[in-house]
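A.B. asks: Here is how the chains run, residue by residue.
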Amino acid sequence: MSRSLFLVGFLAACDMGAGSEDVVYTELGEFETDADGLVSVPWEAPEGVVSTEVFCGPYGYDTLATADFVNDTSGAAVYDDEAPSTGGLRAGVLDDMLPVLVPVSPDLPAAAGEWTLGLWVAAAALPTTVSCGMVNRVGDVAASNTVDVNVVFVGVDGISEGMNANSGGGDANVQAVITALGELWGDLGLALGEVRYSDFDGDVGTYTTVDGYEEFGDLLRTTADDVELTFYFVQDIDLGDGASVLGLSGGPPGVAGHGGTSKSGVVVNVANIVADPDQVALIMAHEGGHFLGLFHPTEKDLSGEDPLGDTPVCSDGDGDGALTSAECEGSGAENVMWPTAQVGTATGFSADQGWVVARNPVVRPE
Amino acid sequence: MVHLFLLFAGLASADERTHDRVVELLSGIETSPTAAEWQAVGPAAASELLQLATDPAALPTVRANAIFALGHFPTVEARALLVATLADRGAPSLSRRKAALGLALGWGAASVPALESVFADPDEQVRGAVARALSNIDDPAAQGVLAARAKVESAASVQKLIAAGVKP
Numbered sequence: 526m527s528r529s530l531f532l533v534g535f536l537a538a539c540d541m542g543a544g545s546e547d548v549v550y551t552e553l554g555e556f557e558t559d560a561d562g563l564v565s566v567p568w569e570a571p572e573g574v575v576s577t578e579v580f581c582g583p584y585g586y587d588t589l590a591t592a593d594f595v596n597d598t599s600g601a602a603v604y605d606d607e608a609p610s611t612g613g614l615r616a617g618v619l620d621d622m623l624p625v626l627v628p629v630s631p632d633l634p635a636a637a638g639e640w641t642l643g644l645w646v647a648a649a650a651l652p653t654t655v656s657c658g659m660v661n662r663v664g665d666v667a668a669s670n671t672v673d674v675n676v677v678f679v680g681v682d683g684i685s686e687g688m689n690a691n692s693g694g695g696d697a698n699v700q701a702v703i704t705a706l707g708e709l710w711g712d713l714g715l716a717l718g719e720v721r722y723s724d725f726d727g728d729v730g731t732y733t734t735v736d737g738y739e740e741f742g743d744l745l746r747t748t749a750d751d752v753e754l755t756f757y758f759v760q761d762i763d764l765g766d767g768a769s770v771l772g773l774s775g776g777p778p779g780v781a782g783h784g785g786t787s788k789s790g791v792v793v794n795v796a797n798i799v800a801d802p803d804q805v806a807l808i809m810a811h812e813g814g815h816f817l818g819l820f821h822p823t824e825k826d827l828s829g830e831d832p833l834g835d836t837p838v839c840s841d842g843d844g845d846g847a848l849t850s851a852e853c854e855g856s857g858a859e860n861v862m863w864p865t866a867q868v869g870t871a872t873g874f875s876a877d878q879g880w881v882v883a884r885n886p887v888v889r890p891e
Numbered sequence: 013m014v015h016l017f018l019l020f021a022g023l024a025s026a027d028e029r030t031h032d033r034v035v036e037l038l039s040g041i042e043t044s045p046t047a048a049e050w051q052a053v054g055p056a057a058a059s060e061l062l063q064l065a066t067d068p069a070a071l072p073t074v075r076a077n078a079i080f081a082l083g084h085f086p087t088v089e090a091r092a093l094l095v096a097t098l099a100d101r102g103a104p105s106l107s108r109r110k111a112a113l114g115l116a117l118g119w120g121a122a123s124v125p126a127l128e129s130v131f132a133d134p135d136e137q138v139r140g141a142v143a144r145a146l147s148n149i150d151d152p153a154a155q156g157v158l159a160a161r162a163k164v165e166s167a168a169s170v171q172k173l174i175a176a177g178v179k180p
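Chains H and Y are the protein sequences, given in the same order.
Here our numbering is used: the first residue of the first sequence is 526, the next is one more, and so on.
Here our numbering is used: the first residue of the second sequence is 13, the next is one more, and so on.
Don't read these hints as lab results, they were simulated from the structure.
Treat the numbers as computed from the prediction; the structure is a model and nothing was measured.
Watch out, some of these pointers could steer you wrong.
As the list claims (entries may be wrong) - In silico lysine to aspartate or glutamate, DMTMM-like type, Cα no more than 20 Å apart, as pairs:
1. Y:172 to H:766
2. H:825 to H:845
3. Y:172 to H:739
4. H:825 to Y:49
5. H:825 to H:854
6. Y:163 to Y:128
7. H:825 to H:852
8. Y:172 to H:587
9. Y:179 to Y:151
10. Y:172 to H:743
11. H:825 to Y:36
12. Y:163 to Y:136
13. H:825 to Y:42
14. Y:163 to Y:135
15. H:825 to H:841
16. Y:172 to Y:128
17. H:825 to H:843
18. Y:172 to Y:135
19. H:825 to H:835
20. H:825 to Y:32
21. Y:172 to H:726
22. Y:172 to H:728
Unchecked claim - Take a look, some chain Y residues computed to stay more than 12 Å from chain H by CB distance:
23. 58
24. 95
25. 129
26. 133
27. 150
28. 160
29. 163
30. 164
31. 178
Claimed, not checked - Only part of the chain Y face toward chain H is listed, based on derived beta-carbon distances under 8 Å:
32. 40
33. 72
34. 136
35. 167
C-beta: ideal position from N, C-alpha, C; glycine also.
Based on the provided sequences and hints, a complete structural model is requested.
C.D. replies: Written out as structure tokens, the structure is:
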């Protein structure tokens with residue numbers, strides 16, 4: 526199958542601002558797919574690279590895309606869509622924008638040189654054009670690390686009066702959540718740095734309850750261009766079927782250190798914050814983990830596993846084609862990245878998970 | 013006597029398993045249960061959902077998801093609970109919104125009068141959920157209610173949902 530490369534432009538690189546001189550966003554320009562929806566996107570990781578992320582889009586919410594392949598700096602294939610759950614890399618099948626982050630496993634560390642993403646866009650009309658960018662982090666890596674967090678309140682003061690920028694830091698429920706989040710992430714060797722609070726200044730009426738992936742993506746597009754992790758607190762998230770889910774992350778992984786994309790943050794349903802702030806903290810730790818490059822240890826529908834060697838793999842003991850938390854006790858359900866909210870049970874991370882998070886572009890050595 | 017004890021122990025264990033399975037389905041972080049998953053649990057799920065939907069100790073999202081999921085088990089008791097929850101301005105907004113969507117899921121056109129009765133509710137989020145619920149009902153009566161509300165609705169977010177639901 527032919528893979529045509531149409532590099533239209535290579536535009537400016539920009540530093541991310543004070544305190545983030547080791548994280549650089551570079552616009553790669555526009556790329557046109559061939560008639561099969563395929564295009565090769567080369568991107569360059571600099572000397573001293575700690576992590577490198579490429580992302581392409583937007584191609585809209587009615588279109589899905591994934592990585593057909595990823596080649597490392599030697600030209601060797603390190604990801605193959607034919608076997609997406611093997612090797613040291615993972616790529617989603619995502620609407621609107623596809624990020625690919627290296628590393629998401631100690632088995633495939635970032636390295637300086639030219640990498641190549643083989644992007645496959647399943648658009649209705651082909652060929653189509655996507656814009657791509659990359660973020661590179663260079664510098665040191667440490668065992669203890671920090672991440673700055675921005676909490677954006679989206680019409681949630683109806684749940685707890687103090688959930689607004691004026692009193693965000695002083696609201697008892699919010700404080701309980703932030704304290705519990707710090708404890709959960711402490712197991713990753715990750716401490717909370719600056720925690721900022723702001724009120725959403727867009728269409729609060731629409732985004733107070735996030736209905737469907739398009740609203741989710743549009744909300745994340747409002748994320749500022751800072752090296753931090755942005756959490757949007759909303760009253761509800763409904764993916765369109767009527768039921769509530771508890772949180773969603775851009776990606777995974779999220780587009781780290783670059784705002785304005787549909788994968789630039791995390792949305793958290795805080796309906797339970799008064800009854801159980803620890804659960805909201807667990808959701809933030811889990812979704813934030815996705816944003817930072819972590820996956821579910823085992824998918825409950827058995828569709829895949831994370832690329833890490835030290836997270837337990839749960840097997841389908843009763844052979845019904847699906848996993849439950851009870852079935853996975855001792856084999857994944859205790860991990861914070863387990864896909865069901867289990868406060869008090871899911872409390873830990875693995876060493877490899879800490880290794881991955883320590884290298885994310887929005888994380889810095891303490 | 014021993015056999016009777018074992019029988020009751022087995023039933024209790026089955027009840028516990030159903031309860032745990034239902035709570036787990038209602039507690040997915042990024043996923044919500046499908047109709048097939050509810051069918052796999054079986055009819056015992058309906059009584060668990062009724063119990064959870066009215067359990068003040070259950071988390072708000074678990075309660076609300078139980079209310080919505082009752083739409084998969086359209087019994088008389090379930091309908092009564094959903095209609096009452098939707099109409100109750102003292103109930104949590106989240107529960108009322110899920111009641112609207114659950115009614116549309118389980119009872120379709122028969123739920124239009126209940127939905128119409130709260131379409132002027134002061135809670136903008138409830139009106140939005142009613143607009144979505146009516147949009148999910150393939151019936152001229154639902155379309156008529158949406159069209160009528162479009163003429164007087166003041167909130168832009170609800171207007172947007174109504175516009176998305178009105179078929180040309």
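A.B. asks: Hint by hint, note whether the structure agrees.
C.D. replies: Going down the list of hints, with the structure as the test:
no. : hint           : in the structure
1   : Y:172 to H:766 : holds, 18 Å
2   : H:825 to H:845 : holds, 11 Å
3   : Y:172 to H:739 : holds, 14 Å
4   : H:825 to Y:49  : holds, 12 Å
5   : H:825 to H:854 : holds, 13 Å
6   : Y:163 to Y:128 : holds, 14 Å
7   : H:825 to H:852 : holds, 10 Å
8   : Y:172 to H:587 : holds, 19 Å
9   : Y:179 to Y:151 : holds, 11 Å
10  : Y:172 to H:743 : holds, 15 Å
11  : H:825 to Y:36  : holds, 11 Å
12  : Y:163 to Y:136 : holds, 16 Å
13  : H:825 to Y:42  : holds, 11 Å
14  : Y:163 to Y:135 : holds, 18 Å
15  : H:825 to H:841 : holds, 9 Å
16  : Y:172 to Y:128 : holds, 18 Å
17  : H:825 to H:843 : holds, 13 Å
18  : Y:172 to Y:135 : holds, 16 Å
19  : H:825 to H:835 : holds, 18 Å
20  : H:825 to Y:32  : holds, 16 Å
21  : Y:172 to H:726 : holds, 19 Å
22  : Y:172 to H:728 : holds, 12 Å
23  : 58             : holds, 16 Å
24  : 95             : holds, 16 Å
25  : 129            : holds, 19 Å
26  : 133            : holds, 14 Å
27  : 150            : holds, 16 Å
28  : 160            : holds, 21 Å
29  : 163            : holds, 19 Å
30  : 164            : holds, 16 Å
31  : 178            : holds, 17 Å
32  : 40             : holds, 6 Å
33  : 72             : holds, 5 Å
34  : 136            : holds, 6 Å
35  : 167            : holds, 6 Å
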